[in-house]
Amino acid sequence: MSSTNTHVDQMLEVEGLGKAYRIYRGAGARMLEVLSAGSLRGHDLHWALRDLDFSLRRGAALGLVGSNGAGKSTLLKVLSGTTVPSTGRYRIRGRVASLLELGTGFHQDFSGRENVMMHGVLCGHSRREVDRRLDEILDFAELGSAVEEPVRTYSTGMGMRLGFAAAMGFDPELLILDEVFAVGDMYFQKKCVDRLLRFKSEGHTILLCSHSLYDVRQLCDEALWLESGEVRCSGDATTVTNTYAAWQREHIQESAEVDTRRPTDWPRIDGARLQHADGRLASRARTGDDLKLSIQWTNPAAAHRPIQIGAAFLRQDRTLCAAAGTHLDSLDLHGTEGELVLHLPRIALLSGTFTVMLYLFDGEGVFRYEERALDEELVVESDTKELGLVRLQHHWEQRDKGAQREAAA
Amino acid sequence: MSYSAESPSSRSTGLSTPRGEWVIAGRASLLELARRFCEWPALVWGRRDLLYCSVQRDLQARFRGTFLGFAWVLALPLLQFAIYAFIFTQLLGVKLGPGAAEAPGAMGVYMFTGTLVWSGFADALQRSTSCVVDHRHLVQKVRFPAQLLPLQVGLSSLVTFVAGICAFVAFTLASDVWGVPGPRLLMWAPLLLFLQFLLTAGMGLMLAALHVRLRDTLPLVGVVLTIWMFVTPIFWVPSPEVLPGIEPWLGLVESNPVHHLVYAWRDLLMSKEPRVVFSGDFSHSLSVVACWGLGLFMLGSWAFFRVDRHLADEI
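Going down the list, the protein sequences come from chains A and B. In terms of this note's numbering, the first sequence opens at residue 1 and continues consecutively. In terms of this note's numbering, the second sequence opens at residue 1 and continues consecutively.
Some hints here could point you the wrong way.
To be verified - Derived contacts from chain A toward chain B, CB cut-off under 7 Å, selection only:
#1 42
#2 83
#3 90
#4 91
#5 122
#6 127
#7 331
Hints listed in this document are in silico derivations from the structure and should not be mistaken for laboratory results. Here a beta-carbon is modelled for each residue, glycine too, at the ideal position from N, C-alpha and C.
Start from the sequences, fold in the hints, and give me the full structure.
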């Protein structure tokens, strides 16, 4: 979204883009319109996108956020070329791959292998080229012997893996992803994220939309918040997602007020911060420091709606490093509001950048009322050159051969 | 889920267009339509692997799970011909024309060639009418030249048709029910097949475009095809000697392109029969089919190109 002097650096340019869908008033109205060659109008226009202007430079990743129906998917559809804009224009300089909805585009009665072949030639590759890449794609999807089975026997997760592998398999320069992480197991999600980070580090461009602000923050440099088809806010990913999250919280309360004429009684997290033992905010820490995470919460309907709170540390590549939860430690949260402090003496995390996630669960620790990341990431530095994720409590003991023989005897 | 090898562009021919072209809103101009029509050969050649794979998949889907598999493509017309030859020649002893000296299997061959041409044509029209809607899972997810869908349907029905001709020739080689067709067949078949393809694909493009806007098209096509089948000389001979009341209607029969298509094929496969039974001559029929084929293909392309920017929104 930077302004441009050199147009060549722009992977994607969008100018005044708008998209209207025709909503027909009925089959009869539609028939009259077709038969009268359009002189009897039988439709209304629904503008899904209006006047979008943005650009995306090569090598950057842009995340789209916004409520349902905000136009995110429509924008991705237009840019991936399955539908044309109604106003304005766009251009893309490079090979595009898009993954619009998972597992679709596959023929249910054909095997995974046959579907990847078909997908490849559909996108304009020769059979020979698809053949050359087929094994690599199927390897990545990790379907084992299931690649020879019809796709209808696949689980949603398997279909998603194959879709992702097929999209990544032909060296795209711009990747368009719609809600990719909605399904799939944790293992494969992580594999996808790793692949996407590598893709980015190779200098390629990503455009994705997700309801998971966490994904947007992790993968994207920039974000665009769409609401009712218009840009509400754009800029760097952290700022935009936090603005959006704040609006979302407010908006949910507002709409609850409108709907029920009383304040929402849903529990919420009002604030949270990670501090050093002496109270300094901890955006940087050293391995072995004492930290504390304090969380302010409100639960107006505490009597009939018990809550639990959890916190998790995730490394940049989504590896879950550690997590703690009141339900895991059998702690009850009494009252309608309070502050919860999670003391973390002598943190064992080694160098790296970590995201702190907060979860507000129901009494069973299943349903999530709220899920958010701390605004600031935690950067940990170590004094030593130790490798790995965490420092295990350890010491070395050296025994000589005699003592060893004695011990064995 | 989709992948496109080149950047999407308004010139969505599916060929490797120059990168970074603006994709603009608005309706395609007449010039644009004409340009896209001229790009047909390049498109078909550039996407030959796609056509190959989808025709293969189409045939596979039809015979998937059967023991004979692809062999059914040959076995079906072979069985059909054996049945026609047996019923009309051995059992009923029906003759093509009254009193004419003719080979004993003539009526069987007449019926067989008629139904082979007709069923290929009718099947292709019916399937290409609904092809875009049937492939909505692709059209909405993948950017590819959708105008190839009706072409692929036309091609796969052509493959079945050629298999039928081959089965017939094999039958004449193996038995003495009918004489082996002469070298004229080899000479003219490629051109005739091409024209037949233009005719089928042209109508297919037109009907597919119409069906996307108007879902009543498919059932209507079924009704029209039934009527069309009976007004085309498939099961009857268009000659006053055989059907005395046909005289005033011969002009109408003459204006039916499928009649000329069927006639041309019969002429190639039944060249031994005395001409008196058939009214017409090969080169005339060939040129009629060529005119209709080219005309309908242009019309069909125009109809399809007018709507294909909005396919994904309409289905």
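Each hint, compared with the structure:
At about 11 Å, the closest approach between the beta carbon of residue 42/A and any beta carbon in chain B exceeds 7 Å, and the interface hint on this residue is violated. At a threshold of 7 Å, the smallest CB-CB gap from residue 83/A to chain B is about 4 Å, leaving the interface hint in force. Contact between residue 90/A and chain B, as hinted, is supported at the beta carbon level, the nearest pair being about 6 Å apart and thus within 7 Å. Interface restraint check for residue 91/A: the shortest CB-CB distance to chain B comes to about 5 Å, inside 7 Å, so the restraint holds.
Contact between residue 122/A and chain B, as hinted, is supported at the beta carbon level, the nearest pair being about 5 Å apart and thus within 7 Å. Proximity of residue 127/A to chain B holds as hinted, the smallest CB-CB distance being about 5 Å (cut-off 7 Å). Taking 7 Å as the C-beta cut-off, the interface hint given for residue 331/A is violated, the closest approach to chain B being about 44 Å.
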